[in-house]
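**Student:** For the record, the sequence lines run as chains X, G and Z. Just so we're aligned: 255 in the UniProt record's numbering is position 255 of the first sequence, and the numbers increase by one with no gaps anywhere. Just so we're aligned: 296 in the UniProt record's numbering is position 296 of the second sequence, and the numbers increase by one with no gaps anywhere. Just so we're aligned: 92 in the UniProt record's numbering is position 92 of the third sequence, and the numbers increase by one with no gaps anywhere.
Be a bit skeptical, because a hint or two may be false.
Stated by the list, open to error - Pulled from the structure, derived: some chain Z residues nowhere near chain G, Cβ distances all over 12 Å:
1) Leu33
2) Leu47
3) Leu86
4) Ile119
5) Val120
6) Val130
7) Phe215
8) Asn222
Said to hold, decoys possible - Some, not all, of what chain X presents toward chain G, calculated at C-beta under 10 Å:
9) Val95
10) Gly99
11) Gln143
12) Ala153
Hints in this document: simulated from the structure, not taken from any laboratory. Heads up, the beta-carbon is just placed ideally off N, CA and C, and yes, glycines get one too.
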Amino acid sequence: MTALLHLTELSVTYPRQAEPALDAVSLDIAPGEKLAIIGESGSGKSTLALALAGLLPRGARLSGNITWPSLGRSARAGADFGMVFQDPGASLNPVLRIGEQVAEAAQRHLGLDWEKAGILALELLGRVRIPDPELAMRAYPHQFSGGQRQRIAIAAAIAARPRLLIADEATSALDVLVQAEIVALFRDLCAADGMALILITHDIALAASLADRIAVMHQARLVELAPALQLVETPQADYTRHLLGTHIDLTDTPRIGRTVP
Amino acid sequence: MNRALRLVGRRAISSIPVLLIVVVGTFFLLESASGDAVDAYLVSIGGGDAALVAQLRQSYGLDQSALSRLWLYLGSLLRFDLGWSVGFNRPIAGLILERLPNTLYLMGSATALSFVFGTLLGIVAGAKPGSLRDRVLSIGSLALYAVPSFWLGLVLSITFAVQLRWFPTSGIETIASGKEGLDRALDIARHLVLPVSALALIYLALFLRLMRAGMAEIWRLDFVRAARAKGLAPSRIVLRHVARNALLPVVTMLGLQAASMLGGSVVIESVFAIPGFGRLAQEAVGLRDAPLLMGIIVVSALLVICVNIVIDLIYVLLDPRVGASEVSS
Amino acid sequence: MSAVRRFIGSPEGVIGALLLLVLAAIALLAPLLFPGDPLRIAGRPLLVPFADPAFPLGTDRLGRNVLAGLVHGARASLLVGIAAALVAVAIGAIIGTLAGFAGGLVDEALMRVVDAFQIVPGFLLALAFVSVAQPTLPVVIFAIALGAWTGPARLARAEVLSIRERDYVASARIIGMHPLEIALREVLPNAIPPVLALSAVIVAGAVLTEAALSFLGLGDPNIVTWGSMIAEGRSVLRSAPYLSIVPGLALVATVIGVYLFGEGLATMLARRDRA
């Protein structure tokens, strides 16, 4: 089967930094596959997402290759992949109506006029389970809760029916119940559309519950890549064992109602 | 729309004590002056005896105590009566109303032009922070903003009125031209080109810098990154996402600058001998006509309040977040 | 030391600082460079620039040395600019700190006064103030400061509001310091850096306002200022435009210097915050 996305020896160095933020990472993603990339902050997982999306800050040096074998060309942002970010409060434009923000990628990439793109946006808002989509179309981001905003951001990201959705810590700013709903939404959307998902997270339990495969990043390198179950049960790399160990410590206490230390 | 109306009402009511502070403060400031309009008048007619002085003082109410005159003044303000100008020997309200339109033309066109072109050029600069055109516009606007408006007016006048003779050097319209209707409007417009340019260019630089700085901030925000991840057309990202948000603080600044633009027009009116509101202020100073100066300050404060209420209304239209909580509650 | 290095890191700031240093040197050395009263008649009237080496920039309508006026005018511009900004920042910082610290009715009343000063055009206020008092240098300085103190007041108040809940203020209150003492000793110094960054804009505005006032003939008649030189040149604008143009260029250079210096300061503060 042709890979959707193929990374070879991908490295990124930010300006005025001696050490690379991403060091020679190679991996494949199959169409429809759900891949989780885990690691602590600074491990390079978000840099990987930004490099894939072509959103690296100016001056960052990128080497290696990103190819899309199943497309046979380079990918276009929005059309071939969509992206969801961590902070749902900040990733929507505060002064534009929800309808416009969900519709704009469809209008841009699917050759629809604004009216047709709006009809599609309405349908998408329903799919991500926003209550009363008609009203939501005309509303502004500040009128929604954090979880709802993240759903809207997801609807906007998948509006042009991309083959891949990149979720960069898309659930970590949300409380646990909302987090579970978003994870369920990802699962449903991928199953329904055959869309692949790259889930970037520091939460190994979340990764294991959703992903087909898990990639572990540590200090800019890919230290282990294995099917989710296998990685959790028989971790090969020391760092993966360490991650699993600290995670078990944390989850010993009930997760709901846990306060931030 | 309810949201907007409520806002106007609240702003108007909260302006009353502020306006009162202005009136009382100005009253006592001008009260502390040595010599009043009667003294100035006596100097101009070559002096007079004590009986004439007393009679004049009485006729203008200047023989009463300061507090009772302040009380009378506040009372007459409620009837839109600004008192009597000794220097011009006319009611002040009529005098101001006669001069105000010229200043409003000057200020209004300068504000509109500087805002429109300033924000547009700010978008051009801010669309690509750090690019060559950004640097050129940034440095250019910094230099322009450092130029005194009255001096720019003189330089424009030397170049375009004295040397090239494209525009008249002074006045608001050709005297006794007998022009009517559109001809007259065009004549006034021709007289206003240079003074409006002098005032507008300075504020254009300000709005350009504000817009550019605002955009530089917005580019760093998450929703812009999200817009880029959607693969939107660059023009849509720049205009609809970045510039649309950067416009908000610029609009706020427009309100804050209203008072300063009114002050700026005083000097510009002097350079181009435009019989406006600002020139009236200068004449009031020359004639030591405290009630006239008082009236000018009160009217300009009122004008600034009105401009700010209009700006608030525009802001409500531009930013859905403002006042939203009040509507739902 | 690192503050200096951060400042040098911004080219605008360095250019601005150099410009201001040159201007300050000129202003300080003016009595040595051109001794005597710059307003005295020195030669033939309306001498064009570069014609006579004794008067490199020529003479005005009354035969006064333009270069001497320009050099002495730098004193007035810089003095008024800096002094007015100092007065404005001092008034603003004190009132803003008081308002922020006192809260309640005092805060409300003081802020309405700030509003009142903001809706009256500062230039009209200065005009009125100078016309009431006599046009001497201190009066002009105070008149300009009257229209410029509200910005620092708002900023200082906002700073105080954000600082006053912090630990060290609370502990000062616990050890029994008087609120005013806390305001002056603990809060004010912390509120000063951002107010300083605003000062550059105020200095620039003050220089321009002083020029406009003396252009309208409301400056101190006994000292030469760039604004009065521009006004003086107006009567011969057609035959000798340079008389008005040259002092204007000096004004532009000064204000650009102040702005660039201010940008350098702002960059420095931004880097400090990031570090």
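**Student:** Please go over all the hints and tell whether each is borne out by the structure.
**Tutor:** Evaluated hints:
1. The beta carbon of Z:Leu33 is kept farther than 12 Å from every beta carbon of chain G, the shortest such distance being approximately 24 Å.
2. Residue placement check: Z:Leu47 keeps its beta carbon more than 12 Å from all beta carbons of chain G (closest about 19 Å).
3. Annotated as non-interface, Z:Leu86 keeps its C-beta farther than 12 Å from every C-beta of chain G; the closest such distance is 21 Å.
4. Z:Ile119, annotated as away from the interface, has a beta carbon of chain G within 12 Å; the closest lies near 4 Å.
5. Listed as a non-interface residue, Z:Val120 fails to keep its Cβ farther than 12 Å from every Cβ of chain G; the least gap is roughly 5 Å.
6. Here Z:Val130 does not stay apart from chain G, with its beta-carbon only about 8 Å from theirs, under the 12 Å limit.
7. Look at Z:Phe215: its CB is around 5 Å from the nearest CB on chain G, not clear of 12 Å, so calling it non-interface is violated.
8. For Z:Asn222, the condition that its CB be more than 12 Å from all CB atoms of chain G holds, with the nearest at approximately 19 Å.
9. The interface hint given for X:Val95 holds, since its Cβ lies 6 Å from the closest Cβ of chain G, which is under the 10 Å cut-off.
10. For X:Gly99, the suggested interface contact is broken, since its CB lies about 13 Å from the closest CB of chain G, more than 10 Å.
11. At its closest, the beta carbon of X:Gln143 sits 7 Å from a beta carbon of chain G; the interface hint therefore holds under the 10 Å criterion.
12. With a cut of 10 Å, the hint placing X:Ala153 at the interface with chain G holds, because the nearest CB-to-CB distance is about 7 Å.
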